[in-house]
Amino acid sequence: MTRLLFHLALLAYPRSFRRRFGAEMWADLERARRGGSTSDVATTVGTLIVHGLAERWSALVRVLFWPDSQPHLYETPRRRIIMWDTFRSDVRHALRLAANAPLVTMLTVLALGLGIGATSAIATIVHGVVMSPLPYRDSDRLVMVWSDATRQGRPRNTLSPANYQDLRRMNGTLEGLEAYFSFVTPFEMVIDGPTEVAHGVTVTPGMFDLLGRAPFLGRALDVREETLEVLLSYGYWQRRFGGNPAVVGRTLQVDNNLATVVGVMPQDFTFPYGPMLGPSGFTRATSIDLWAAMHVTGPIAAANRMLTPQGEPVRSVHWLGAVGRMRPGTTVEHVQADLSTVARQLEQRYPDSNTGWGATVVPVMEQTIGTIRGPLYILLAGVFTVLLIAAANVANLVLARSIGRQKEYATRVALGAGRARLVRQTLTEGLVLASAGGVLGLLVAYAGVTVLVALAPADLPRLHDVAPGMTVVLITAGAAILTSMLVGLLPALSAARTHPQAALREHSRGAIGGAFRRRARAGLVIAEIALAVALTVAGGLLLRSFVSLLGTDPGFHSHNMLTWQMNLPDRLRSQDDRTAFYREFLDRMRSLPGVVSVGGTTRLPLGSTALSTFIEVDGSPRPEAEWPEVQFRRAIGDYFQTMGIPILAGRTFTDADGASATPVCVVNRTLASKLFPGEDPIGRRVRGSPTQPWLTIIGVIGDIRHGALDEPPLPELYVSHLQGQVVSPFMVLRTAGDATDWIALVRAEARAIDSTLPVYRIQTMESVRSESVAQRRFLLLLVGFFGALAMILAALGVYGTMSVLVSERTQEVGVRLALGASPAEVVRMLVLQAVRLAGVGALAGVALSLGTMPLLSSQLYGVQPRDPMMLTAVPAVLVLVAVLAAIVPARRAMRIDPTHALRGQ
Amino acid sequence: MDRFRPETFLPLGPVAFEILLALAEGEQHGYSIMREVERRSLGTIKVHPGSLYRALARLLESGLIEELDGRPDPEHDDERRRYYALTSRGLAVGRAEAARLEQQVDAARARRLLAPLPRSGAHGVPR
Numbered sequence: 000m001t002r003l004l005f006h007l008a009l010l011a012y013p014r015s016f017r018r019r020f021g022a023e024m025w026a027d028l029e030r031a032r033r034g035g036s037t038s039d040v041a042t043t044v045g046t047l048i049v050h051g052l053a054e055r056w057s058a059l060v061r062v063l064f065w066p067d068s069q070p071h072l073y074e075t076p077r078r079r080i081i082m083w084d085t086f087r088s089d090v091r092h093a094l095r096l097a098a099n100a101p102l103v104t105m106l107t108v109l110a111l112g113l114g115i116g117a118t119s120a121i122a123t124i125v126h127g128v129v130m131s132p133l134p135y136r137d138s139d140r141l142v143m144v145w146s147d148a149t150r151q152g153r154p155r156n157t158l159s160p161a162n163y164q165d166l167r168r169m170n171g172t173l174e175g176l177e178a179y180f181s182f183v184t185p186f187e188m189v190i191d192g193p194t195e196v197a198h199g200v201t202v203t204p205g206m207f208d209l210l211g212r213a214p215f216l217g218r219a220l221d222v223r224e225e226t227l228e229v230l231l232s233y234g235y236w237q238r239r240f241g242g243n244p245a246v247v248g249r250t251l252q253v254d255n256n257l258a259t260v261v262g263v264m265p266q267d268f269t270f271p272y273g274p275m276l277g278p279s280g281f282t283r284a285t286s287i288d289l290w291a292a293m294h295v296t297g298p299i300a301a302a303n304r305m306l307t308p309q310g311e312p313v314r315s316v317h318w319l320g321a322v323g324r325m326r327p328g329t330t331v332e333h334v335q336a337d338l339s340t341v342a343r344q345l346e347q348r349y350p351d352s353n354t355g356w357g358a359t360v361v362p363v364m365e366q367t368i369g370t371i372r373g374p375l376y377i378l379l380a381g382v383f384t385v386l387l388i389a390a391a392n393v394a395n396l397v398l399a400r401s402i403g404r405q406k407e408y409a410t411r412v413a414l415g416a417g418r419a420r421l422v423r424q425t426l427t428e429g430l431v432l433a434s435a436g437g438v439l440g441l442l443v444a445y446a447g448v449t450v451l452v453a454l455a456p457a458d459l460p461r462l463h464d465v466a467p468g469m470t471v472v473l474i475t476a477g478a479a480i481l482t483s484m485l486v487g488l489l490p491a492l493s494a495a496r497t498h499p500q501a502a503l504r505e506h507s508r509g510a511i512g513g514a515f516r517r518r519a520r521a522g523l524v525i526a527e528i529a530l531a532v533a534l535t536v537a538g539g540l541l542l543r544s545f546v547s548l549l550g551t552d553p554g555f556h557s558h559n560m561l562t563w564q565m566n567l568p569d570r571l572r573s574q575d576d577r578t579a580f581y582r583e584f585l586d587r588m589r590s591l592p593g594v595v596s597v598g599g600t601t602r603l604p605l606g607s608t609a610l611s612t613f614i615e616v617d618g619s620p621r622p623e624a625e626w627p628e629v630q631f632r633r634a635i636g637d638y639f640q641t642m643g644i645p646i647l648a649g650r651t652f653t654d655a656d657g658a659s660a661t662p663v664c665v666v667n668r669t670l671a672s673k674l675f676p677g678e679d680p681i682g683r684r685v686r687g688s689p690t691q692p693w694l695t696i697i698g699v700i701g702d703i704r705h706g707a708l709d710e711p712p713l714p715e716l717y718v719s720h721l722q723g724q725v726v727s728p729f730m731v732l733r734t735a736g737d738a739t740d741w742i743a744l745v746r747a748e749a750r751a752i753d754s755t756l757p758v759y760r761i762q763t764m765e766s767v768r769s770e771s772v773a774q775r776r777f778l779l780l781l782v783g784f785f786g787a788l789a790m791i792l793a794a795l796g797v798y799g800t801m802s803v804l805v806s807e808r809t810q811e812v813g814v815r816l817a818l819g820a821s822p823a824e825v826v827r828m829l830v831l832q833a834v835r836l837a838g839v840g841a842l843a844g845v846a847l848s849l850g851t852m853p854l855l856s857s858q859l860y861g862v863q864p865r866d867p868m869m870l871t872a873v874p875a876v877l878v879l880v881a882v883l884a885a886i887v888p889a890r891r892a893m894r895i896d897p898t899h900a901l902r903g904q
Numbered sequence: 000m001d002r003f004r005p006e007t008f009l010p011l012g013p014v015a016f017e018i019l020l021a022l023a024e025g026e027q028h029g030y031s032i033m034r035e036v037e038r039r040s041l042g043t044i045k046v047h048p049g050s051l052y053r054a055l056a057r058l059l060e061s062g063l064i065e066e067l068d069g070r071p072d073p074e075h076d077d078e079r080r081r082y083y084a085l086t087s088r089g090l091a092v093g094r095a096e097a098a099r100l101e102q103q104v105d106a107a108r109a110r111r112l113l114a115p116l117p118r119s120g121a122h123g124v125p126r
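Protein chains in written order, with numbering that gives the first Met the number 0: chain H, 0 to 904; chain A, 0 to 126.
Careful, some of the hints might be misleading.
What follows is a list of derived Cβ distance ranges for each label pair [what the hints assert, rightly or not]:
1) Pro10(A) <-> Gly242(H): 40 to 46 Å
2) His6(H) <-> Ser40(A): 28 to 34 Å
3) Arg108(A) <-> His6(H): 46 to 52 Å
4) Arg108(A) <-> Pro193(H): 55 to 61 Å
5) Asp67(H) <-> Pro10(A): 22 to 28 Å
6) Leu10(H) <-> Ser40(A): 27 to 33 Å
7) Thr1(H) <-> Ser40(A): 25 to 31 Å
8) Glu332(H) <-> Ser40(A): 44 to 50 Å
9) Asp569(H) <-> Ser40(A): 54 to 60 Å
10) Gln102(A) <-> Thr85(H): 44 to 50 Å
11) Arg2(A) <-> Pro265(H): 56 to 62 Å
These are calculated hints, taken from the structure and not from any lab test. Note that the Cβ used here is the ideal one computed from N, Cα and C, for glycine as well.
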C-alpha cells in the first residue's frame, strides 16, 4: 500500500527527473521507512507530491512569463510545455462553456462537490478507523488472548488470574502477555476536595512496554507492595489538573489506598478500546482517566479478589483481558495452536475449573474494529453510490452539450484535427468540472469529517480520533480524478466516434451519429435509477429495522424515570451500616415532592454491562462444569415496581428478607422456563457455589432486554441488597412528570444526605434507552440521507435526459402533430419512453440490492433482507418519480408549433 | 568562455548549501546527505527527499557537484545508489556562501541578535 503510494507520488515529477532520480528517491524512502521514521506516510507522500508538482510546473510558469527562458535540465522540456498550451486552451474552452451556462455549471459543480466531499469524508473516516494502525508499536503483531468458552456461547470469554499466569508462562509463541481488568472501574478519588469519581482500568505494569508506548511525562507503572501507582491519561490530566506537570509524584487517595501519580500517557494513546472490554463491569464508560497497576500478590491483590483465601491465584473466576505480542515471524494461527495446546494441558491438570475452557486468539485490530467495519463499509458503499449517480448526471450533461457541437467536431475532423484531440478536449471538460467539484469537495470533506466525528455516538471505537488532515486532501484528490474519468469517459468515447461525412451531410437531422450517444444516455439513466433503487432499498430496510427496534418492548417503562450511579462512602464498612444508609437514602428520596418510587440494582438494563454466574439447582445434581449460567443482579428498595417490571408469580423482596432471614431470590420468566420447564419454580432452591447457602425462589418477574433492544432476554436471578453488599449501585427513581425536572433536586438531596457521596452519570432512562440505539440511528441517518440524495439526483438525471430527448425529437413531434396526432398521444409516447428506461433501471436496481444484501443483513432487525414491500415499493416510487420528471419536458413537446418545427428542417 | 564567478550563485538556497556542506567532508549518496543534515542539526532540520533531489538536480546542472562513476563501498551498497562529490567550482561557491553567511552573522552580533564572541580568557570560559 505504502509502496504504491510512493510510486504514485513519484508520478508528480517530470519524466526526465523521474528517470534520473526516481530509483534513488525510492531507495531513500524505503530506507527511511525501514529505519523507523516517525513521520507518517500521508505527510511524506504529500510533501513528495508538492515538490514534484513544483518541479513540473515551475518551468511552465517561467515560460509563461519569460517566453525565452530555457527549462532546467530534468525539468519538463519545452516541447512538452507546448503540449501544455493545448491543454490550457482546452481548459479555457471548457471554462467558456461553463461560463455560458452559469446556473447549470453551478448545479453541476455543487452536485459533484457534494458527491466528492461526502465520499472523501466517509473514506477518510474508514481509513482512520479501519486502515490506520492502532497507536501501539508494530500493532499488527499484537493479539488479544481470551478464554474459549464456546460451550456457554462465548468464544471470547475473559481469563481467570491463574489461567492468565499459566498461559503467559507456558506459551512458546508470544514475546509477552500482559493483562488488564476487562472493565472500567469507577475509582473514588480524593484530590483536593470532596470525593469524586475517575474511570480507570487496572493493568499489569508491563502493559505499556508491551504496547510499545512510553509515558509523555514521568515513568510507567511499577508494582510496589502496599502502595498503588497510577498513570493518568492526557485528557484527564488536562481536564482535572490543568496540564500541570507537577502532578507527577503527587500522592492521591484512590479507593481508600494512597496512590502515587507516576506519569501521564501521550494524547493519542488509548487503551483499552471499548470492544476490548469484557461483558462485565460497572459502567459503560469507555473513556479512561487513569491506569492503576495490577498486583498479583500482596494485600492489594487480595482486596481485588485475585487470590483465594489460601493465597493462591483465583482460577475459576474470569475477568481479565490479555494482550500478547507475537514473536517475529509467527502468525496468529501459530499462536492459536500453541495456546490451545496450553489450554488443553490446563484442562487436564485442573479438570474441576478448566474443563471446556480453551483459548481464543484474535488480532487486536480485529477485536477493536471488527464490529463497526461492516456499518462503515455500508456507509462507504452508500456514499460512493451517490457519487456515481452525480457523475452519471454530469456525464449526461456533457454528452448533451456535445450534440450542439457535433458539426463543429465533424468540421474539425474533416479539416484534419486528430480524433485524439477531440477526446482530450472532452476529457478536459470533465476534468475542469471535477476539479471545481474537488475544490468544493475538499471543503465539504473537511467539514464533513469534523461534523461526523462530533455527531457520532461516543461508543464507536477510534472514530473520535479521526481528524481531517493530509489524508483528506489525498483522498479528495483521488476521488476528484476518479470522478473526472467517470464524467469524461462516455462523452470522450462519443467524440471519438465522430464521422465527418455523416455529420456534414446537408439536411442532417439532430441525431447524427447519435445511436451510440443515445444508448450511452439511456445506459446512464438506467444505471442511475438502478443505483438509486439499491440505495433507497437499503435506507428503507435500515429505517424499518430502526422502527421495529424502537417498537420493541424492553420489559420496563423508561418514561418519567431518572437513573444515576453512586459509590457508598467508605466509612460504611459493615452490612448494618450500609443497610441503615440505604434505608435513610431511600426514605428521603421517596419523600421528595413528585417522586413516585425509588429503587436500585447492580446492573442497569440498556445502560450498563452484564455479570453472570453459574448456579446449582437443588434436586438436579450435575458436575460444576455443567451448571447453567444465569445473569446475576441485586435489587435495592422498590426496584421492580419503579422499573415497571411485572411480577408474574409469587412476591418480590420486602424488608423482612433481611440478613438473618432465609436467603431468597427472584427469577425472571426466561430462567423459570429454562430451568423449571412446566414446573412451579416458587419454593425451588438454587445456589452459586457449594459453599454458599441455598436461595429459595420467592417470585417470578417479567423478562427485560438487558444488553440491547435487539438482544433476546437471558435468564436472570435477583437477590436483595439486604442479603448482600452493594457499594456502587445504579439507582432508579420514578417521577410524576418529565424526569429531567428532578435532576437538580435529586442531586441536591443526595448531597444533603451525605456530602461525600459521589453521584455520577445522572440521566433520564429515556436517554439511556436512546443512547443504546445511537449507533444504529447514526447509520440510518447517513444512509437515509444518501438515499434521499440519490433519489433527487436520479430524478434530475431523468429530467435532464428527457429534456434533451424532447429537443432532439422536436421535428419528429412536429411532423406527428401536423399529421394529426393529438398532443396527449405525443406526451404519452414520450413518457412511455421514460417509463421503459426507469422500468429497466428499477429491475436492475432490485437485482443489485439482492446481490449486495449480505453486506447489510447484519444490521437488520425485525425485517427480512428480502422484504417484499421494500423491493416493490421503492422501485415503484422511483419509476413514479421518473415519470413525473419526464412529464415536465414532455408537456413542453405538446406545445410545439408544428409549422415552426417543420420550418426548422 | 567567461571566467567562473562564484558570486553569481549567491545567495545559495538553504538545502543547496547543506548539500555542499555535507559533500565538503567527502563523497556521499543522497540518503547519507539527509542523515548528515539531520545529525548536524541534532534532529531539528529534516530534508525531505523531494527537496533534496530538486536541489541536487540544479547543482548537477550548474556543475557545482558531480556524480561519481565508482562506488566507494561496493560491499554494503544498494545498486540504485549514486555517489556525489564536490567539484572545484562547488568548493568555490561553498566558500563564497560561507563568507556571505559569516558577514551576516557578524552583522547580527553587531545588532545584538546574537551574544558577542567571548574573548579568550575573560570570565575564565574555556574555548
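- Message: A range of 22 to 28 Å was offered for this pair. Does it hold for the Cβ distance of Asp67(H) and Pro10(A)?
- Response: Since the Cβ atoms of Asp67(H) and Pro10(A) sit about 25 Å apart, the hinted range of 22 to 28 Å holds.
- Message: Taking 44 to 50 Å as the stated bounds, is the beta-carbon spacing between Gln102(A) and Thr85(H) within them?
- Response: 49 Å, holds
- Consistency of beta-carbon spacing, Ser40(A) to His6(H), with hint 28 to 34 Å: With Cβ atoms ~30 Å apart, the hint holds.
- Taking the CB of Glu332(H) and the CB of Ser40(A), does the distance hold inside 44 to 50 Å? With Cβ atoms ~46 Å apart, the hint holds.
- Task: Check the following: the C-beta atoms of Arg2(A) and Pro265(H) are separated by a distance inside 56 to 62 Å.
- Result: Given range 56 to 62 Å: holds, Cβ gap about 58 Å.
- Query: Is it true that the C-beta distance of Thr1(H) to Ser40(A) lies inside 25 to 31 Å, as the hint says?
  - Reply: 26 Å, holds
- Cβ separation of Arg108(A) and Pro193(H), checked against the hinted range 55 to 61 Å: 59 Å, holds
- Message: Is 54 to 60 Å respected by the C-beta to C-beta distance linking Asp569(H) and Ser40(A)?
- Response: 55 Å, holds
- Message: Is 27 to 33 Å respected by the C-beta to C-beta distance linking Leu10(H) and Ser40(A)?
- Response: 31 Å, holds
- Task: For the range 46 to 52 Å, tell me whether the beta carbons of Arg108(A) and His6(H) fit it or not.
- Result: Holds, at about 49 Å.
- 40 to 46 Å as the expected CB spacing between Gly242(H) and Pro10(A), which holds or is violated: Given about 42 Å between the Cβ atoms, the range holds.
Violation of the numbered hints given earlier is absent; every hint is satisfied by the structure.
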